[in-house]
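Given only the sequences and the hints, what does the whole structure look like? Please build it.
Heads up: take any position in the sequence shown, counting from 1, add 25, and you land on the numbering used here.
The set of hints was computed from the structure by calculation and includes no laboratory data.
For glycine and all other residues, C-beta sits at the position ideal for the given N, C-alpha and C.
Wrong hints could be hidden among the right ones.
What the hints assert, rightly or not - For each label pair, taking beta carbons as the anchor points, the in silico distance ranges come out as:
id, residue 1, residue 2, range
1, E48, G91, 31 to 37 Å
2, L55, E87, 22 to 28 Å
3, S68, D93, 23 to 29 Å
4, E48, D93, 15 to 21 Å
5, A34, P75, 17 to 23 Å
6, T66, N36, 29 to 35 Å
7, R61, G91, 22 to 28 Å
8, L92, N52, 21 to 27 Å
9, E48, Q84, 16 to 22 Å
10, Q41, D93, 32 to 38 Å
11, R61, D32, 36 to 42 Å
12, D30, T77, 20 to 26 Å
13, K89, G64, 19 to 25 Å
14, K65, K89, 20 to 26 Å
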Amino acid sequence: MLVDDDDEALNYMMFQYYSLLTELKYNLILNYPYARLQGKTMSEVVAAFPTTYEREIKQWWETKTGLDIEETKQTIVIKELDY
Numbered sequence: 026m027l028v029d030d031d032d033e034a035l036n037y038m039m040f041q042y043y044s045l046l047t048e049l050k051y052n053l054i055l056n057y058p059y060a061r062l063q064g065k066t067m068s069e070v071v072a073a074f075p076t077t078y079e080r081e082i083k084q085w086w087e088t089k090t091g092l093d094i095e096e097t098k099q100t101i102v103i104k105e106l107d108y
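Here you go:
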């Protein structure tokens with residue numbers, strides 16, 4: 026997407042991106058706990074995934090929808106993925 030004046034569309038896409046990325050992190054760690062990729066564990070691999078605007082985007086979503094995103098409501102909480 027090219028950046029234009031539609032901040033809401035961009036924020037929504039970023040919200041989807043961070044949500045899917047978080048889900049991928051959980052899946053990699055839970056499904057492949059002993060796997061290594063180029064000598065790194067999955068925990069080390071996902072530690073490099075971006076989280077730059079994750080809090081801001083979640084706050085935007087909560088403000089827009091009135092819904093609260095609670096990380097503690099995840100089925101399984103992995104402390105290493107906390108930001």
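Taking the hints in turn, this is what the structure says about them:
no. : hint                  : result
1   : E48 / G91: 31 to 37 Å : 23 Å, violated
2   : L55 / E87: 22 to 28 Å : 26 Å, holds
3   : S68 / D93: 23 to 29 Å : 28 Å, holds
4   : E48 / D93: 15 to 21 Å : 18 Å, holds
5   : A34 / P75: 17 to 23 Å : 20 Å, holds
6   : T66 / N36: 29 to 35 Å : 33 Å, holds
7   : R61 / G91: 22 to 28 Å : 43 Å, violated
8   : L92 / N52: 21 to 27 Å : 23 Å, holds
9   : E48 / Q84: 16 to 22 Å : 19 Å, holds
10  : Q41 / D93: 32 to 38 Å : 18 Å, violated
11  : R61 / D32: 36 to 42 Å : 40 Å, holds
12  : D30 / T77: 20 to 26 Å : 22 Å, holds
13  : K89 / G64: 19 to 25 Å : 42 Å, violated
14  : K65 / K89: 20 to 26 Å : 37 Å, violated
Comparing the model with each numbered hint stated earlier shows that hints 1, 7, 10, 13, 14 do not hold.
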